[in-house]
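Heads up: the protein sequence lines correspond to chains R and P, in order. Using the working numbering, read the first sequence as starting at 8 and increasing by one per residue. Using the working numbering, read the second sequence as starting at 9 and increasing by one per residue.
Hints listed in this document are in silico derivations from the structure and should not be mistaken for laboratory results. Check each hint, because a few of them may be wrong.
As the list claims (entries may be wrong) - Negatives, chain R to chain P, calculated, CB over 10 Å:
| hint | residue |
| --- | --- |
| 1 | 47 |
| 2 | 84 |
| 3 | 156 |
| 4 | 252 |
| 5 | 282 |
| 6 | 291 |
| 7 | 316 |
| 8 | 341 |
| 9 | 354 |
| 10 | 357 |
| 11 | 381 |
To be verified - If the Cβ cut is set under 7 Å, some of the chain R residues that face chain P in the computed set are:
| hint | residue |
| --- | --- |
| 12 | 197 |
| 13 | 333 |
| 14 | 378 |
| 15 | 391 |
Beta carbons are placed, not taken as given, at the ideal position from N, Cα and C, and that holds for glycine.
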Amino acid sequence: MSDADEKNEPSTRSVTVTEGEPGPSDWSEFRAQMREWREGVERVLPPWWSRALAATLIVIGIVLPFLFSADSGFLNATIIAVAYAVMSLGLNIVVGFAGLLDLGYVAFYALGAYTLGWFGSGFFYKAHLHVLVSPVASTLPGIHLNFLLILVAAAAICALAGMLIGLPTLRLRGDYIAIVTLAFGEIIGVVAVNGTSVHLGGGMTLTAGNLGISAVDSPYFPGIGLFNELDLRPWYWLIFGILLLVLFVNLRLRDSRLGRAWVALREDEVAAVSMGIPLVRTKLMAYSIGAAFGGMSGAFFGTYFTVVNASQFQFGFSIFILGMVIIGGLGSIWGAVAGGLLLGYINYYLIPDVLNSLPSKIGLNFQLTEIEFGIYGFLLVIMMILRPQGLIPERRRRLELTGRVSATDSELGEPSAISTLELAE
Amino acid sequence: MVRKYVGRWGLIVALAALPIYYGVRDLVHGYQAGFVAGHPVVHHDLTQLGFNFATGLSNGAIWALIAIGYTLVYGIIELINFAHGDVFMIGSFTAVGLYSVFGLTSSTGAPGLVLGLLAVLLITMIVCGVLNTLIERVAYRPLRNAPKLAPLITAVGFSFILQNVGLLWRGGSPQSVPDLINQGKTVFHIFGVPIVRGYLLALGVMIPLVLVLGRFISTTRMGRAMRATAQDPEAARLMGINVNQTIALTFLLGGALAGAAGLVYALFETNIWYFQGFRAGLFAFTAAVMGGIGNVRGAVLGGLIIGVIQALADSRMGPQWTEAVVFAYLIMIMVLRPRGLLGEETREAG
Numbered sequence: 008m009s010d011a012d013e014k015n016e017p018s019t020r021s022v023t024v025t026e027g028e029p030g031p032s033d034w035s036e037f038r039a040q041m042r043e044w045r046e047g048v049e050r051v052l053p054p055w056w057s058r059a060l061a062a063t064l065i066v067i068g069i070v071l072p073f074l075f076s077a078d079s080g081f082l083n084a085t086i087i088a089v090a091y092a093v094m095s096l097g098l099n100i101v102v103g104f105a106g107l108l109d110l111g112y113v114a115f116y117a118l119g120a121y122t123l124g125w126f127g128s129g130f131f132y133k134a135h136l137h138v139l140v141s142p143v144a145s146t147l148p149g150i151h152l153n154f155l156l157i158l159v160a161a162a163a164i165c166a167l168a169g170m171l172i173g174l175p176t177l178r179l180r181g182d183y184i185a186i187v188t189l190a191f192g193e194i195i196g197v198v199a200v201n202g203t204s205v206h207l208g209g210g211m212t213l214t215a216g217n218l219g220i221s222a223v224d225s226p227y228f229p230g231i232g233l234f235n236e237l238d239l240r241p242w243y244w245l246i247f248g249i250l251l252l253v254l255f256v257n258l259r260l261r262d263s264r265l266g267r268a269w270v271a272l273r274e275d276e277v278a279a280v281s282m283g284i285p286l287v288r289t290k291l292m293a294y295s296i297g298a299a300f301g302g303m304s305g306a307f308f309g310t311y312f313t314v315v316n317a318s319q320f321q322f323g324f325s326i327f328i329l330g331m332v333i334i335g336g337l338g339s340i341w342g343a344v345a346g347g348l349l350l351g352y353i354n355y356y357l358i359p360d361v362l363n364s365l366p367s368k369i370g371l372n373f374q375l376t377e378i379e380f381g382i383y384g385f386l387l388v389i390m391m392i393l394r395p396q397g398l399i400p401e402r403r404r405r406l407e408l409t410g411r412v413s414a415t416d417s418e419l420g421e422p423s424a425i426s427t428l429e430l431a432e
Numbered sequence: 009m010v011r012k013y014v015g016r017w018g019l020i021v022a023l024a025a026l027p028i029y030y031g032v033r034d035l036v037h038g039y040q041a042g043f044v045a046g047h048p049v050v051h052h053d054l055t056q057l058g059f060n061f062a063t064g065l066s067n068g069a070i071w072a073l074i075a076i077g078y079t080l081v082y083g084i085i086e087l088i089n090f091a092h093g094d095v096f097m098i099g100s101f102t103a104v105g106l107y108s109v110f111g112l113t114s115s116t117g118a119p120g121l122v123l124g125l126l127a128v129l130l131i132t133m134i135v136c137g138v139l140n141t142l143i144e145r146v147a148y149r150p151l152r153n154a155p156k157l158a159p160l161i162t163a164v165g166f167s168f169i170l171q172n173v174g175l176l177w178r179g180g181s182p183q184s185v186p187d188l189i190n191q192g193k194t195v196f197h198i199f200g201v202p203i204v205r206g207y208l209l210a211l212g213v214m215i216p217l218v219l220v221l222g223r224f225i226s227t228t229r230m231g232r233a234m235r236a237t238a239q240d241p242e243a244a245r246l247m248g249i250n251v252n253q254t255i256a257l258t259f260l261l262g263g264a265l266a267g268a269a270g271l272v273y274a275l276f277e278t279n280i281w282y283f284q285g286f287r288a289g290l291f292a293f294t295a296a297v298m299g300g301i302g303n304v305r306g307a308v309l310g311g312l313i314i315g316v317i318q319a320l321a322d323s324r325m326g327p328q329w330t331e332a333v334v335f336a337y338l339i340m341i342m343v344l345r346p347r348g349l350l351g352e353e354t355r356e357a358g
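Can you build the whole structure from these sequences, using the hints too?
Structural data, given as structure tokens:
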């Protein structure tokens, strides 16, 4: 499609913007000035400034909960927003790095949460297995594993499921991948709801359906403090730790051989394969690593919400997570974090706490929480039309959109036709 | 070698498996057809299967009408128009809103009812066609040259927006609407299978509309422009076809058919809610893919097949599993024959 379209465009566009020079409009001049200014700042700062910045951010992250009371609504929203950021980072690997549009990411939220429900509650009450859990939980029937073990199990189960979901999509491209993943997500949702009629023997069922698996264990780490709803700080540190871990893995992956293979597949599958990139392994790795992060976050949500309820796992959630990745900027790690935090705060703080009564103030008879998905839909449309590259675009994409890639290409002696290609993408 | 046969016959075998299995089971084990004096009556015949087919084909007529919208749009701009199912939902809501405008109730006489419903059908089709065209203008046309992901995302965004419009319009729970045509009334029997008014209505709306559409696409100038644009937009433009206008026309036609489906759904199911478009959209998309996306005849065939699968799953496994069954078939299509039953090989579905 894009091949055909770029030829549709009259070629004047490429003439005016080649060589990376600012175009005739004020807007691109302004952008060029911004770019110069940013480069100037980067020259002035010492080379270790980005590490210092990262360290400062981590310290701020650790001390943040002391600025709010231990059970405040804002801290609650922060915890959820950070957990969303973890999911967003996971989906960013699949959609952003590897370019495989996944519309069924909710499946991994569900599997992660059910891993917690199965291995961290009295749900399988005929079994008795206790590994490193709190003194209270170790007297209860059912399977009770330490939260860290559950986290590992959730990541492993989801990685396997991600691989299985990825298998039928290997021969497909683009929209068809989206549909297959969507179908898998919906099937897992249906199984979660109807799991009450899937009997495992001994009167135990696969899921508890819409009633939910309740009374799941809270994490238990001696020394950090008790995990309960009165003191949210331990929860925060736990999920912040998970975020840092996932972030670290993401950054290392992006600059690894595998990360470059993903980007190569995304940009041109045929060329990448002919350069010797193993298609099957690379794609399946993207699916399974992305899924593993979703599962970890799902397990955290399970224990944080204290219930694993099938009605949480709907298609809208997949789009919600995808919205974070898109709003942040596809393929951009910091964008995924920013998008996750932003939508998390909008969903759990701005809409329910701050703006909820807005429609009734202007005389309309509904609450804003009812139409939150309409609001996200609107955000997605606006974002795509006004700023398709996202809030914090990936460097490669930013360069493409500002035409700087073409500048380096022409410095290398390439014909300027390349720049036409880059701009039309 | 194996792959060739799986590619050619795998999907057909998978599709035939469900009715054959249940047909054989009905014949061998029998099924419970009712009670006489407290004792279950067991029949050993294919009447229940025939009943499933009748329900399925009329359900399938609705999915077929929606699926045509998907297939036309995908054929011409290669976009999965996620908002399409919700345009259908708005169609149902508009139609039900128009009942009271025209004063239609379940006690209206036959001539008035037919005329009134024809007027409702026409207005609903216009409303949905225009709505779909507006969505194209606002959300897809500005992104014509953007990466393919972008219009897909705005489509999902618009789907949510329309759903919430429906939510604010008629509340969050399913609402029953007046059964204007007394759809459950049996008209005649075929091999002992009762054919009710609802079945005749669904097929009676779908078949003429599809025939008119087929005629429009194959013979008129605008239809030829549509086919040319679908084949090669660039060459079509060079030949003097207004591509943007042709794409808008495609959205208009697809939306109008979705509107018609909306009215049929309201009359047939006598039950509407804001979330109906999501399921309908996915079923219809499955139908379009099954028939071979971009192919109108394929969409109709796929719609009818999906309807039958749905009816079989509804009555034999319970309606709560239907979605899972239909989506399992969707995945099977993707694995076995991505180009669908009647479709040609494309770059996407290599």
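Hint-by-hint comparison with the structure:
1. 47: holds, 32 Å
2. 84: About 22 Å separates residue 84 of chain R from the closest Cβ of chain P, which puts it past 10 Å; holds.
3. 156: holds, 31 Å
4. 252: holds, 28 Å
5. 282: holds, 19 Å
6. 291: holds, 15 Å
7. 316: holds, 16 Å
8. 341: holds, 20 Å
9. 354: holds, 13 Å
10. 357: holds, 17 Å
11. 381: The claim breaks: residue 381 of chain R does not keep its Cβ more than 10 Å from every Cβ of chain P (closest is about 3 Å).
12. 197: holds, 4 Å
13. 333: holds, 6 Å
14. 378: Holds, because the Cβ-Cβ distance from residue 378 of chain R to chain P comes to roughly 4 Å (cut-off 7 Å).
15. 391: Since chain P brings a Cβ to about 5 Å from residue 391 of chain R, closer than 7 Å, the hint holds.
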